[in-house]
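Chains as they are written, first to last, in numbering that gives the first Met the number 0: chain A, 0 to 605; chain V, 0 to 176.
One or more hints might be untrue.
As the list claims (entries may be wrong) - Over 10 Å on every C-beta distance to chain V, these chain A residues come out as not near it, computed from the model:
1) E234
2) F264
3) G338
4) Q410
5) R461
6) E505
7) G531
Unchecked claim - Distance ranges between label pairs, derived from CB positions:
8) D51/V - P148/A: 27 to 35 Å
9) D304/A - V101/V: 35 to 43 Å
10) D304/A - P141/V: 50 to 58 Å
FYI, nobody ran anything at the bench for these hints, they're computed from the structure. Ideal placement from N, C-alpha and C gives every residue a C-beta, glycine not left out.
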Amino acid sequence: MSQFIVGIDLGTTNSALAYASTDGGSTESPEVRLFSIPQLANPGEIAELDLLPSSLYIPGPNEFVEGALALPWNSAPPYITGQLARARGVENAGRLVNSAKSWLSHQTSDPTQPLLPLSAPEGVEKISPLEASTQYLLHLRSAWDAAHPDAKLENQSVLITVPASFDAAARDLTQRAARQAGYPEVTIIEEPQAAFYAWIARTQNWREQVRPGDLILVVDIGGGTTDFTLITVTEESGELQLERVAVGEHLLLGGDNMDLAAARFAEQQFTKTAKKLDAIQFHSLWQQARAAKEHLLSGDPNAPDEQPLTILGRGTGVVGGTLRGKIKRDDIRNLLLEGFFPMVEADAVPQRQRRAALMEVGLNYASDPAVTKHLAQFLRNAAGNTGVGGFARPTHLLLNGGVLQAGAIEQRLFEVLNSWLRAAGFPAVTELRSESKQADLMHAVAHGAAYYGGARTGRGVRIRGGVARTYYVGVESSMPAVPGLPAPMKALTVVPFGLEEGSRVELPQRKFALVVGEPAEFRFFSSVSRKGDPPGAMIEEVGDDIEELAPIEVFLPPHTDAVREEVVPVTLESNVTETGMLELWCVAADGRRWKLEFNVRERLAA
Amino acid sequence: MSRFSAAFRSFFSILFSGILPEDIASEFGFTKAQPVPATPPPPPAPVHKVSDGALQMLQILQRDSRLIDFLMEDITGYADDQIGAAVRSLHADCRATLSRHVTLNPVMDAVEGTFQKLDATKAPDPSRIKLIGNVPANGKAPGGTLRHRGWMVASVNLPPLGKQDVSVVAPAEIEVE
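Let's have the full structure, built from the sequences with the hints guiding it.
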């Protein structure tokens, strides 16, 4: 029996760890605490911080004084993770690994291959996004174990959060990273749900704030991703029930993109007069742009009209070399609110075309930065699930993420959503707000994960939800192939939307012939918007609402006994484990089973 | 030996030779100072000089908040608004750095300019309280106007000194193109 429930927010830019004791009795709200993570803040200096920056630095030979990288649990770690990695990476970007998490869900490259740092000079060892994630988790585990020698993490109940929009392969990779980092079997939980649990945990009278029939929209804007989730409230034998009914598409767009856009904008005024800003100066500007955003867009009517920006001189001439500038509220408002959260109609459609300004080599950032357009599309797609036409109409809104410290962004989201509801003749949404909101936007996800860990063991309420997508395998149609064209592909529904933890679905209708001793590969598809396809349903035309994922594969080992069979007819079966992992199995008539593995090596070419 | 002889000899021996005659010294129980037998040397602790801690503090203030650059720069030629812009930023950085490593509290937590009572029966600890103005002759005062609250360090949080050369307050930086 574990002593603690540990919730880990493995974020794109920052990670956090929260925990609760398991012996809190039967109280619904276990006391959840945030773990201070020891990490190098400077060479030779350990600091305990609430967040572990998800940055990894690959130190070169003789780059640091001997012993300067020692951690309390490792005298000579091969990599630097956390604060110092981020700081040193500004000075030498060629050895810095960032945004590893975004690569786990990358559709065109293999996250198990050494890809990062992308801009590493010849001769610098590269590591895989999977390995980087492993290192962050390893840092957290080592720090925990050092602080809790009598309650090692491997003996605790651990939950790790992922974006709701992570597909099955990306969730599988997160599990794998945890396994490599020496974790026990971890439970995967979706970030917007964790944010909602955090709200429940912090709101004593939450049952009085929502009623059966309510529809709660959770918007979670992290550093690198934006996630939408809808949760319905129902009643079953007098008890409130929560069910997650829809999640948004994977949207690689977050607070960091917004801060970067503001910094790029502010940079123009300096480059008119001075030379190009160097990396360190630009980083300083980036930090100031972030602060200016929070200050100028605080939503406070008394906020100033502009904020000075100061870039100190490089070299010893710190005063003489200081560059002065400013950023106006109207400009930053225009840039961020109109650029990322424009007032749009409920039928707005995000542009598909890629915007060069938001591209970073390799990562396919969201093609349209307008979060509100993506939200409109999400609510339209979700309409079918919530039993209304047009678009799903939330009654409550819960916002999470550091970017919402800029109050004007929060206000804008309400304005946009309410304008849609008003136009359709519905009342405005109610905000779900907890008292400690502002202080905790950064930590809510880890907090909620630890709460959910308690809910799984029967303390507190649990959101039902299951699998967030419908999954299909490709079946080649038996139509005669047109010369020069591949046979049209049909899609067989193998996992219905919402398949719950601990349940399984068999598909006896369709048999596949697998050849013994040869790997068999299935094309694999998913959809976040098609939610009504029952298991076994054949989709004749694979349209835009179904996206292809990396293939899945199985290998039937050759037989050792005398009776050699060449071909084994199998049916498919899917199940979701208690820890939320999706598994697909091939089942032979005699009961033998082989697990299908996600093959990230052969991700699709762009 | 008579007291007279001993006194006489001692007087002239000290006057002309600078030492007490040995027989008189032993007679009166004096012995020559013997070199103290050397105790085994302590295990070689990291050799940190007393000044290393001060240098480390300079190093940190420079690294995190450019204090040495600022103090060593000749700013006489710059306009006030240029200095003002830089100082606003430098001040914020220095303050953050200082408070990260040192907790500073006032010695007397009271409003400056108001009357503060002192213990009139004894003179205050001069390291904590400095009396100024019409200080009574006996150094004891029943109180007076608080002119400066004073500062004292409640805690110091400095990382252990590693093997770096602390005399280098800031390394030279070379940017490779």
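Do the hints match the structure? See the list:
1. No beta-carbon of chain V comes within 10 Å of the beta-carbon of E234/A; the shortest separation is about 51 Å.
2. Non-interface status of F264/A relative to chain V is upheld: no Cβ of that chain comes within 10 Å, the nearest being about 20 Å off.
3. At roughly 28 Å, the least C-beta separation between G338/A and chain V is larger than 10 Å, which holds for a residue marked as non-interface.
4. Every CB of chain V is more than 10 Å from the CB of Q410/A (nearest about 28 Å), matching its label as outside the interface.
5. The claim that R461/A is not at the interface with chain V holds, since no C-beta of that chain comes within 10 Å of its own (minimum 41 Å).
6. Even its closest Cβ contact with chain V, about 60 Å, leaves E505/A beyond 10 Å, as expected for a residue assigned away from the interface.
7. The Cβ of G531/A sits about 56 Å from the closest Cβ of chain V, beyond the 10 Å cut-off, so the non-interface label holds.
8. At about 33 Å, the CB distance of D51/V to P148/A agrees with the hint of 27 to 35 Å.
9. One distance hint, 35 to 43 Å for the beta-carbon pair D304/A and V101/V, holds here, with the actual separation near 37 Å.
10. A hinted range of 50 to 58 Å holds for the C-beta pair D304/A and P141/V, which are about 53 Å apart.
In the structure shown, no violation is registered for any of the earlier numbered hints.
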